[in-house]
Amino acid sequence: MKPVFLASALLATIMTTAAFGQGAPIKLANVAELSGGGATVGTNWKNGIDLAIEEINAKGGVLGRKLEVTHADSQSNPGVARAQVQKALDAEPYVLLGPGYSGSVKVTAPLAAEAGITQIMGGEAAELTQSGNRFLFRTSFGQQSSMPKVAKYINDDLKAKSVAIVWVNNDFGKGGRDVITKEFAKYNIKVAADISTEAGQADFAADVSKIKAAAPEAVFIYVNEEESARILKELKRQGITVPLMGETTLVGQKVIELAGDAANGARGHVGLTTDAPVELIKAFRDKFVKKYNYVPDHNGLKGWLAIYMIKATTEKMGKVDSKGFADALHGFTITAAKEPGILMDATFDANGDIDRQGFLAEVVEGKQVIKQVLPKLNN
Amino acid sequence: MTAGKYLQIAFGVIVIAALIVVPMNFNRYGLFILSQWAVMTIAAMGLNLTLGYAGQVSLAQGAFVGIGAYAAAIMTSNGLPLIAALGVAIVLCFAIGWILGYPALRVQHHYLAFVTLAFSTLAFLVFRNEDWLTKGIYGISNIPRPEIFGFPTRRPLPFYYLCLGSLGIVSLAVWWLIRSPWGRAFVALRENPVRALSLGIDTRRYTLMAFAIGSALGGVAGTLYAPLTQYVDPVPFSLALSLDLLMMVIVGGSGFFFGPFLGAMIAVLLPEWLRFTQGYYLMLYAVAVILLLIYSPTGILGILDRYMAERRTKAASALRAVAKSRLETAP
Numbered sequence: 001m002k003p004v005f006l007a008s009a010l011l012a013t014i015m016t017t018a019a020f021g022q023g024a025p026i027k028l029a030n031v032a033e034l035s036g037g038g039a040t041v042g043t044n045w046k047n048g049i050d051l052a053i054e055e056i057n058a059k060g061g062v063l064g065r066k067l068e069v070t071h072a073d074s075q076s077n078p079g080v081a082r083a084q085v086q087k088a089l090d091a092e093p094y095v096l097l098g099p100g101y102s103g104s105v106k107v108t109a110p111l112a113a114e115a116g117i118t119q120i121m122g123g124e125a126a127e128l129t130q131s132g133n134r135f136l137f138r139t140s141f142g143q144q145s146s147m148p149k150v151a152k153y154i155n156d157d158l159k160a161k162s163v164a165i166v167w168v169n170n171d172f173g174k175g176g177r178d179v180i181t182k183e184f185a186k187y188n189i190k191v192a193a194d195i196s197t198e199a200g201q202a203d204f205a206a207d208v209s210k211i212k213a214a215a216p217e218a219v220f221i222y223v224n225e226e227e228s229a230r231i232l233k234e235l236k237r238q239g240i241t242v243p244l245m246g247e248t249t250l251v252g253q254k255v256i257e258l259a260g261d262a263a264n265g266a267r268g269h270v271g272l273t274t275d276a277p278v279e280l281i282k283a284f285r286d287k288f289v290k291k292y293n294y295v296p297d298h299n300g301l302k303g304w305l306a307i308y309m310i311k312a313t314t315e316k317m318g319k320v321d322s323k324g325f326a327d328a329l330h331g332f333t334i335t336a337a338k339e340p341g342i343l344m345d346a347t348f349d350a351n352g353d354i355d356r357q358g359f360l361a362e363v364v365e366g367k368q369v370i371k372q373v374l375p376k377l378n379n
Numbered sequence: 001m002t003a004g005k006y007l008q009i010a011f012g013v014i015v016i017a018a019l020i021v022v023p024m025n026f027n028r029y030g031l032f033i034l035s036q037w038a039v040m041t042i043a044a045m046g047l048n049l050t051l052g053y054a055g056q057v058s059l060a061q062g063a064f065v066g067i068g069a070y071a072a073a074i075m076t077s078n079g080l081p082l083i084a085a086l087g088v089a090i091v092l093c094f095a096i097g098w099i100l101g102y103p104a105l106r107v108q109h110h111y112l113a114f115v116t117l118a119f120s121t122l123a124f125l126v127f128r129n130e131d132w133l134t135k136g137i138y139g140i141s142n143i144p145r146p147e148i149f150g151f152p153t154r155r156p157l158p159f160y161y162l163c164l165g166s167l168g169i170v171s172l173a174v175w176w177l178i179r180s181p182w183g184r185a186f187v188a189l190r191e192n193p194v195r196a197l198s199l200g201i202d203t204r205r206y207t208l209m210a211f212a213i214g215s216a217l218g219g220v221a222g223t224l225y226a227p228l229t230q231y232v233d234p235v236p237f238s239l240a241l242s243l244d245l246l247m248m249v250i251v252g253g254s255g256f257f258f259g260p261f262l263g264a265m266i267a268v269l270l271p272e273w274l275r276f277t278q279g280y281y282l283m284l285y286a287v288a289v290i291l292l293l294i295y296s297p298t299g300i301l302g303i304l305d306r307y308m309a310e311r312r313t314k315a316a317s318a319l320r321a322v323a324k325s326r327l328e329t330a331p
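Keeping their order, the protein sequence lines are chains X and R.
Take 1 as the starting number for the first sequence in the numbering used here and just add one per residue.
Take 1 as the starting number for the second sequence in the numbering used here and just add one per residue.
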């Protein structure tokens, strides 16, 4: 009797352990800009993550296990980001999420790589995925893939040969400016004016008069949302009528709301937008608005996608394997047909860059209208 | 030596031993935060010298940390040893601090704060816009950690010991300084510059000196900050850092030797402890600091100081009362 009892006790223990192992939540760690200069970026990113996790858990989780995430605030400071990522990695998460600022990504990526943990981040600076880090993945186009499309459009469709560039002097703005300047050189497009502005700048009168004096055939605007709206108003006030081109932010919903009439006619390349003519994205937007009471920007989408990247990759592997995650995601195409949460088909290349369709949009009578759908680069 | 003195020494030894032994079991995050505390303490000690002892308000200490950090980042990523960068940072910050001290000869208090604030902004713009030197907004990444006497400090624990050791050396130097005639001259400058002048203290020279030495310590902190985070960009050295350091000095207790130690502890560790409150941690941190300063405008050490003073007064009045009663009962 005794040995049977012991054996059954042992068996029960093993079974409960196994069941516990099966049911234990998958731990994710998010480090993002929840305060400081990048608070909008980080908060959107965080809300997107929470929304996706809530939805996935409501449907039974990933491979039967629930997802669980911890959020840490980097205060938009690379030094703090480093400390928080260190802390997150010490807890051995399945995947690390964030940060959104490229500088903070730069300081934390080596730590995640050293720990062998995959990092899915929001940074868009071109160089991030070019240093051979196998564990780093984007959720949106890097500037090296979005800017060529903008330059091509300016050359082919707008046929502008001289362009004024207005950019915000932080790593995001400067990165975009550097990439597009190189692209313009390829098409022999002259940079008529190269204007750096400050984050949070309120008055663009002097900058716009510089543009006016340079008399370009088009203006490329690469600043944050509020500043986009302000400069659009000022351009209208000073009567500049040449085409205005932007990337993602310029034709966003928030800019249209803030700039009013002045936003009409602005065009832009949009990698991720909640206004995209895609049913799944519209559904996402509705869910987001229902939960948080505001329309997310592309960072909200990025956070959401990061979670669905994890879900799709884990299901592809068929197991929760932190070490094998990065290899499984390299070269992986996630289709919206199979995983609706990914919203649009996306392929991840060997560098961790994303390939996905993009859009060219124009603001017509206060609404973002998609004029062209740019297909994926490699089908 | 009195028993109190022995007690103080014993307490000091215990704290130092704890700082060496306890972190051995810490994870990388804990060591990073402690190293950050050591680095910020050095910078705050510099400001304490300028503000607490010599009474000159400066909002530029963050900029000096930046200068030190960039000196270290640029030189060590070009293969030069950190000790050379340290030398350059000290000389550079000392010289710039000396020059920045000149306005202090003409303006005081908040006017002086504005002059140093302008310098802080200027330094930020130089870090950001002089691409050829500082790599601008992209910052400098992969800053190597140094080898000290052949020991690599790449791992978090050895690097923490480097920061702690540097803090020890700086503390001894400052301790000596404030007990030297210079330190007394600084205090004289703060308490009553006219009287100091009439006593033959060259107030002009000492004002400049207070700025220069304080700034040089900012530079020392910077040379440790760069290899600590292994990445520098202009943003961390904006005005916010200067204000943060100012807060550390005031919260800890301006003009107290141990003020910066406690102040940096509050500024670096308290927000980390409060992180469990998620979105509220910065608010709670701010409220805690406000309450502390309402309760004790002279900082944490001000509370201790008040308590000690009260005890001394009580003891003295007790003695007086005894003496008085003896006098009265005397035949």
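By construction, these hints were calculated from the structure, which means they are not laboratory data.
Hints may contain errors.
As the list claims (entries may be wrong) - Calculated lysine-lysine pairs in the DSSO-like style (CA-CA distance at most 27 Å, straight line): (1) X/K291 x X/K66; (2) X/K182 x R/K135; (3) X/K316 x X/K290; (4) R/K324 x X/K186; (5) X/K212 x X/K159; (6) X/K66 x X/K152; (7) X/K254 x X/K371; (8) X/K190 x R/K135.
Violations among the numbered hints, reported as their numbers in ascending order = 3, 4 and 6
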